[in-house]
Amino acid sequence: MQFGGVRALDEVNLHVNKGEICALIGPNGAGKTTIFNVITGVYQLTSGSISFQGSDLKGLKRNIITKRGIARTFQNVRLFGDMTALENVITASDVHKKSGLLGALFGTPRSRREERESKARAHELLEFLGIDHRADQLGKNLPYGDQRRLEIARALGTEPKLLLLDEPAAGFNPAEKKALAETILKIRDRGYTVLLIEHDMSLIMGISDRVIVLDFGQKIADDLPRNVQNDPKVIAAYLGVPADAS
Amino acid sequence: MINLRDKGADLWEGWNRPKRITFVFALLVVISLLPFAGNFSFSSFLNTPSASYQDVLVYPIGMFILMALGLNIVVGKSGLLDLGYVAFFAIGAYTDAILTTKTHLNTWQVMPIGIALAMLSGVLLGLPTLRLRGDYLAIVTLGFGEIVRIVILNSSITGGTNGVASIPNPPSVLGQKLDLNHSVNFFWIVLVMILLVIWMIRRFTVRRPGRAWEAIRQDEDVAILMGVPILRYKIWSFSIGAAIGGAAGVIFAAKVLVIAPDMFTFNVSVLILSCVVFGGMGNIWGVVFGATMLAYVPQRIRFITNARELVFGLVLIIVMNLRPDGILPRKKREKLSARKEKSA
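As given, the protein sequences belong to chains F and W, one line each in that order.
Each residue of the first sequence is one higher than the one before, starting from 158 at the first, in my numbering.
Each residue of the second sequence is one higher than the one before, starting from 4 at the first, in my numbering.
So that you can see chain F by itself, here it is in the shape it has in the complex:
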């Protein structure tokens, strides 16, 4: 992945296995969010390839990628602020609906059924994230923590197979982080695959099945959490290397 003269991702080769929690870490500017943007189609790859469940994602439209089963949250919360929490989730779940404009206009049985089902499912997802009591509040009026939870609920609303979480614990206190860790584990147990970007090491080490480390757009480690922790290259990337050692 290249932006003009800047090489943002350089021969990064990574894969995520079905049903695992995979963490993507690295110092600021390593290219973590860029990877998310490449996967979700925000950036078009300048070279290389990307595939999901055996089919090529390259060049697909962003909404089609979502429909294929990849959903994400955002590093800085980007909810639909003027919609209620419930509507936020329902909007995302619309991606799999078959009824469109005419169905809505004439209130066809299919349209009515889909509306009913997606509403029930949205409530269920809000419940799962523990924010169903916020269902009727506007996105922008939710407390910060609940906004982050709502982002996860909204992403799950698209019924993804792969869930991309971009720094879900940013700004959380230890208790909230602990709850989030449990939520992510529960999400995995429901059969979703999770790829997450996070800076909080204890969270990552606690829940990930595998950790991928990026530095300056290159992959420098891809291993079990405890092995990554002791990898000299990773330590060097995070703490820097003394001048005489390199």
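Please keep in mind that the hints were generated in silico from the structure rather than gathered at the bench.
Honestly, I wouldn't trust all of these hints.
Derived Cβ-Cβ restraints for the label pairs, each shown as a range [claimed, not checked]:
#1 W:131 - F:266: 33 to 43 Å
#2 W:261 - F:221: 43 to 53 Å
#3 W:130 - F:175: 31 to 41 Å
#4 W:31 - F:175: 39 to 49 Å
#5 F:266 - W:9: 33 to 43 Å
#6 F:333 - W:30: 45 to 55 Å
#7 W:131 - F:211: 27 to 37 Å
#8 F:273 - W:198: 26 to 36 Å
Taking beta-carbon pairs under 10 Å as the criterion, some of the chain W residues facing chain F (in silico) [to be verified]:
#9 138
#10 203
#11 206
#12 207
#13 210
#14 215
#15 217
#16 218
#17 227
#18 228
#19 230
#20 231
#21 234
#22 236
#23 243
Just so it is clear, CB atoms sit at the ideal spot from N, CA and C, and this is done for glycine as well.
Based on these hints, arrange chain W on the given structure of chain F.
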């Protein structure tokens, strides 16, 4: 400032079904009797000097409401700034003018053709341009409005500057004549069209299309990442808005009988946009109210001839300063759905 919208909503929500039906029915009766208000002393203050009051109810008031409702889908619901809305009105009007004068089709037969042509031009304009955003889209649509007017001005089939004259009246509906002496009947036809459009918009708003438009308006990048096919829904928004503009145009031509290019200038686009903004973007009732005011007030204050536009402009500026979101701003979706939950 009193919150008119919430006051109204509170009242409405507090009512049970029979009460609501009675209210809507009563309101409809009052509105459909509006054309006769000029005949009675207690309501004669509504009368417009110099223009026939019954004509004013059809054009500009009825037409403005219709067009403002259509434009509201585009600007208010989906957040796409369209500065060339008059083009669709013109396409509808000229379709009626040309087809009814040159073929044996009557107004009602032309209506679906006019709507279809307006929609088609909406799609054709939308396909390449709706990838643009905000200001850029505004400029392109402004250009489109002008192009349509200039094409009309310069082609022979549209009669150039002279326009099209002696457009036939629509055939009678339910035995009611529609001609110069029966403006009341035109008013009722337009009223039915307005009600149909309101019904349609309300249907869309509470279901998938409404959510898609709302998501696009708020953050189109996130909307597409959440799977909303934004280009498709933008084009739908555009073409539905265009269809309503086209329908208004067909009726307009059939009512005024003579149309010319200078009726379809950029000013009309701006005026309709003002109706939407003045009344309250995204709120049907606000838009209806805004269009009524903006169409009616200039006619009502005709007696101050020279200063008329000045006064009108001043009123606009003052109101927009006091109520920057319009007279009746966008519905607070929070309250709305909270109540629905409770009653469900």
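Here's how the hints hold up against the structure:
| no. | hint | verdict |
| --- | --- | --- |
| 1 | W:131 - F:266: 33 to 43 Å | 37 Å, holds |
| 2 | W:261 - F:221: 43 to 53 Å | 51 Å, holds |
| 3 | W:130 - F:175: 31 to 41 Å | 39 Å, holds |
| 4 | W:31 - F:175: 39 to 49 Å | 59 Å, violated |
| 5 | F:266 - W:9: 33 to 43 Å | 35 Å, holds |
| 6 | F:333 - W:30: 45 to 55 Å | 51 Å, holds |
| 7 | W:131 - F:211: 27 to 37 Å | 35 Å, holds |
| 8 | F:273 - W:198: 26 to 36 Å | 27 Å, holds |
| 9 | 138 | 21 Å, violated |
| 10 | 203 | 6 Å, holds |
| 11 | 206 | 5 Å, holds |
| 12 | 207 | 6 Å, holds |
| 13 | 210 | 4 Å, holds |
| 14 | 215 | 7 Å, holds |
| 15 | 217 | 6 Å, holds |
| 16 | 218 | 5 Å, holds |
| 17 | 227 | 5 Å, holds |
| 18 | 228 | 5 Å, holds |
| 19 | 230 | 3 Å, holds |
| 20 | 231 | 6 Å, holds |
| 21 | 234 | 9 Å, holds |
| 22 | 236 | 9 Å, holds |
| 23 | 243 | 8 Å, holds |
In summary, the structure is inconsistent with hints 4 and 9 from the numbered list given earlier, while agreeing with the others.
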